[in-house]
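As given, the protein sequences belong to chains H and D, one line each in that order. Note that this note's numbering has the first sequence beginning at 10, numbered continuously upward. Note that this note's numbering has the second sequence beginning at 631, numbered continuously upward.
By construction, these hints were calculated from the structure, which means they are not laboratory data. Since we're looking at a predicted model, the values are computed, not measured. Mixed in with the good hints there might be a few duds.
Unchecked claim - Below, a list of computed lysine to any residue pairs in the SDA-like style, where the Cα atoms sit at most 25 Å apart:
| id | chain 1 | residue 1 | chain 2 | residue 2 |
| --- | --- | --- | --- | --- |
| 1 | D | K827 | H | E258 |
| 2 | D | K838 | H | F302 |
| 3 | D | K827 | H | S96 |
As the list claims (entries may be wrong) - Not everything, but these chain D residues come out facing chain H in the computed CB check (under 10 Å):
| id | residue |
| --- | --- |
| 4 | D693 |
| 5 | G695 |
| 6 | Q789 |
Even glycine gets a Cβ: it sits at the ideal position worked out from N, Cα and C.
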Amino acid sequence: MMKHTWAVIIFALLLSSCLRMDSFLYNPNTDITEYKLDEFEGETEIELDNSFDLPDSTLHLFTLNSDLDGDLAEIYAVYVGDISSISQDTVILYLHGNTGHLDYYWPRIKLLANTGHKNRFGVMAIDYRGYGLSEGTPGEGALYADTDAAMKWLKENGLTADRLITYGFSMGSAPATELTANPRTLQPSKLMLESPFASDDVMIQDASGLSLPGSFVSDLEINNGDEIRKVEEPFFWIHGTDDDFLSIETHGEVVFNNYDGSYSIAHRVQGAVHNNVPFVMGYGVYLDVVLEFLERTP
Amino acid sequence: MFKRLSILVFTVLLASCNVSRVVKPLEKGEKQLSASFGGPGIVFSGIPLPMPLSSVGYAQGIDTGLTVSAGLHTTSLLFGVAQLDAGLHIQLFENKAQNFGMTAAPALNLFYDFNAGNMRTYPQIDLLGWWKYLDEKQHFFYAGGGTWVELEREKAHEQVQNHEIMPYITFGHQFNREKWSFQIEARYIGMNYRNDKLVVDYLTPFNKGTSGIYVGINRKLVK
Chain H
10 MMKHTWAVII FALLLSSCLR MDSFLYNPNT DITEYKLDEF EGETEIELDN
60 SFDLPDSTLH LFTLNSDLDG DLAEIYAVYV GDISSISQDT VILYLHGNTG
110 HLDYYWPRIK LLANTGHKNR FGVMAIDYRG YGLSEGTPGE GALYADTDAA
160 MKWLKENGLT ADRLITYGFS MGSAPATELT ANPRTLQPSK LMLESPFASD
210 DVMIQDASGL SLPGSFVSDL EINNGDEIRK VEEPFFWIHG TDDDFLSIET
260 HGEVVFNNYD GSYSIAHRVQ GAVHNNVPFV MGYGVYLDVV LEFLERTP
Chain D
631 MFKRLSILVF TVLLASCNVS RVVKPLEKGE KQLSASFGGP GIVFSGIPLP
681 MPLSSVGYAQ GIDTGLTVSA GLHTTSLLFG VAQLDAGLHI QLFENKAQNF
731 GMTAAPALNL FYDFNAGNMR TYPQIDLLGW WKYLDEKQHF FYAGGGTWVE
781 LEREKAHEQV QNHEIMPYIT FGHQFNREKW SFQIEARYIG MNYRNDKLVV
831 DYLTPFNKGT SGIYVGINRK LVK
């Protein structure tokens with residue numbers, strides 16, 4: 010009888026403390042004591058020459074308060090542009106991937122701030138909870154709360170929904186899609202996704218070769234493949250044909266094909282892998298296609 | 631990006647996740663407990679290692695040349711997934727003069743996810759040839775192949791499941807003592823699957839499938 014009791018207890022403990030792979034989604038770097046932006050000497054996502062440098066007066070590093078169901082955290086943000094003219098400017102909210110911190114993505118943020126010409130568009134980016142110097146722990150809810158905190162700040166500084174564009178790269182495609190499909194503070198007017206993933210179901214099915222549900226190892230509810238169906242706003246998708254991490258066929262094409270909104274444009278970049286799309290495309294060509302989409306009137 | 635972290639490294643907690651549970655059918659009435667550890671090889675943070683998959687099993691000789699077995703996959707259980715297998719091990723023939731034989735092993739793999747209530751079923755068939763090279767000690771090499779069968783025709787987001795089987799080839803050796811036996815087994819799994827565009831870095835010299843290494847320990851019980 011005692012044996013049976015212990016067996017039941019152990020089994021219940023096993024079930025109640027299940028391992029989940031959710032935390033493996035996040036790969037933050039917190040080994041910094043300050044953001045260095047242009048002076049950062051570590052590995053960055055892409056490399057830019059001096060021609061993309063921006064006036065120091067347009068670089069603004071600050072903190073935001075993010076509220077995740079009452080769990081407050083101070084997160085870091087960078088705004089590139091003139092804060093006093095946000096009430097007239099169009100702003101790209103760049104939502105980075107799962108690696109590193111803002112310094113790692115800083116060249117990409119600068120690159121976007123060169124769209125059209127220097128500082129033609131405002132560009133904002135944040136470090137999600139647990140990334141860089143931002144407080145807290147990474148998590149799916151945190152991605153959405155932190156992104157919404159950025160939108161609140163933009164709104165407080167005069168941005169209106171018709172001039173907000175969300176740009177999500179890889180993991181950043183989750184908050185970009187979610188907050189465009191299910192807006193909170195602002196309804197973005199356009200959605201741009203680079204190398205997005207469809208869902209954890211696809212990740213697991215790709216990895217296993219079998220039709221396994223994502224729930225076998227993860228509690229993630231990120232589902233860009235389905236959420237994109239709710240998006241009516243114009244949609245820009247760009248993905249490397251040789252993406253060696255999130256396959257263009259099983260992830261990107263699914264997201265793109267499930268979009269049924271007002272306008273969509275796809276850029277399948279031959280030979281590009283997961284994180285070198287702008288480089289393979291050529292920065293000039295990349296900025297041209299971004300500009301073309303941004304300037305397109307509904 | 632996500633790369634290098636090998637997100638969801640345990641996603642292959644399923645196919646081919648234990649040593650061949652019974653290579654040579656047990657004697658009639660013979661019973662055996664077993665444990666298996668190992669799995670498909672991945673490169674995790676630059677280090678090649680097998681996935682730490684584990685299972686325990688039970689087998690019983692029903693008749694001459696016919697054994698039944700069942701297993702519980704303990705790593706899956708830690709993820710809240712009840713993964714069970716049950717199968718038959720049928721001696722197709724045995725050449726006692728030459729000390730070799732062949733076994734067929736149809737099985738069924740069942741999964742139930744306590745988190746979301748999802749279920750999956752995968753039939754499996756193995757065909758193994760064995761050769762006892764030292765008759766008095768009963769050690770033997772074995773080799774063969776098998777496959778899991780995919781019953782679902784649709785994947786996530788209404789995508790077509792084009793892969794109908796998950797084949798593998800197996801090479802192993804079993805050291806037999808009076809009551810205990812030990813197995814070491816290598817597998818090449820999923821040679822029909824491309825592996826170069828995945829979140830997991832599988833360990834293989836090719837751009838298809840993955841290799842795996844497994845060890846097993848068996849304890850025969852008194853008849």
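Going through the hints against the structure:
Distance restraint check for K827 (chain D) and E258 (chain H): the Cα-Cα separation of roughly 10 Å lies within the 25 Å cut-off, and the hinted pair is therefore satisfied. About 38 Å separates the Cα atoms of K838 (chain D) and F302 (chain H), which puts this hinted pair outside 25 Å; it is violated. The suggested pairing of K827 (chain D) with S96 (chain H) is violated, with an alpha-carbon distance near 43 Å, which exceeds 25 Å. The interface hint given for D693 (chain D) is broken, as the beta carbon of that residue sits about 31 Å from the closest beta carbon of chain H, more than 10 Å.
Violation of the interface hint for G695 (chain D) is found here, the shortest Cβ-Cβ separation to chain H being roughly 32 Å, above the 10 Å cut-off. Checking Q789 (chain D) against chain H by beta carbon gives a least distance of about 7 Å; that is within 10 Å, so the hint holds.
Hint compliance for this structure: hints 2, 3, 4 and 5 are not met, and every other hint is.
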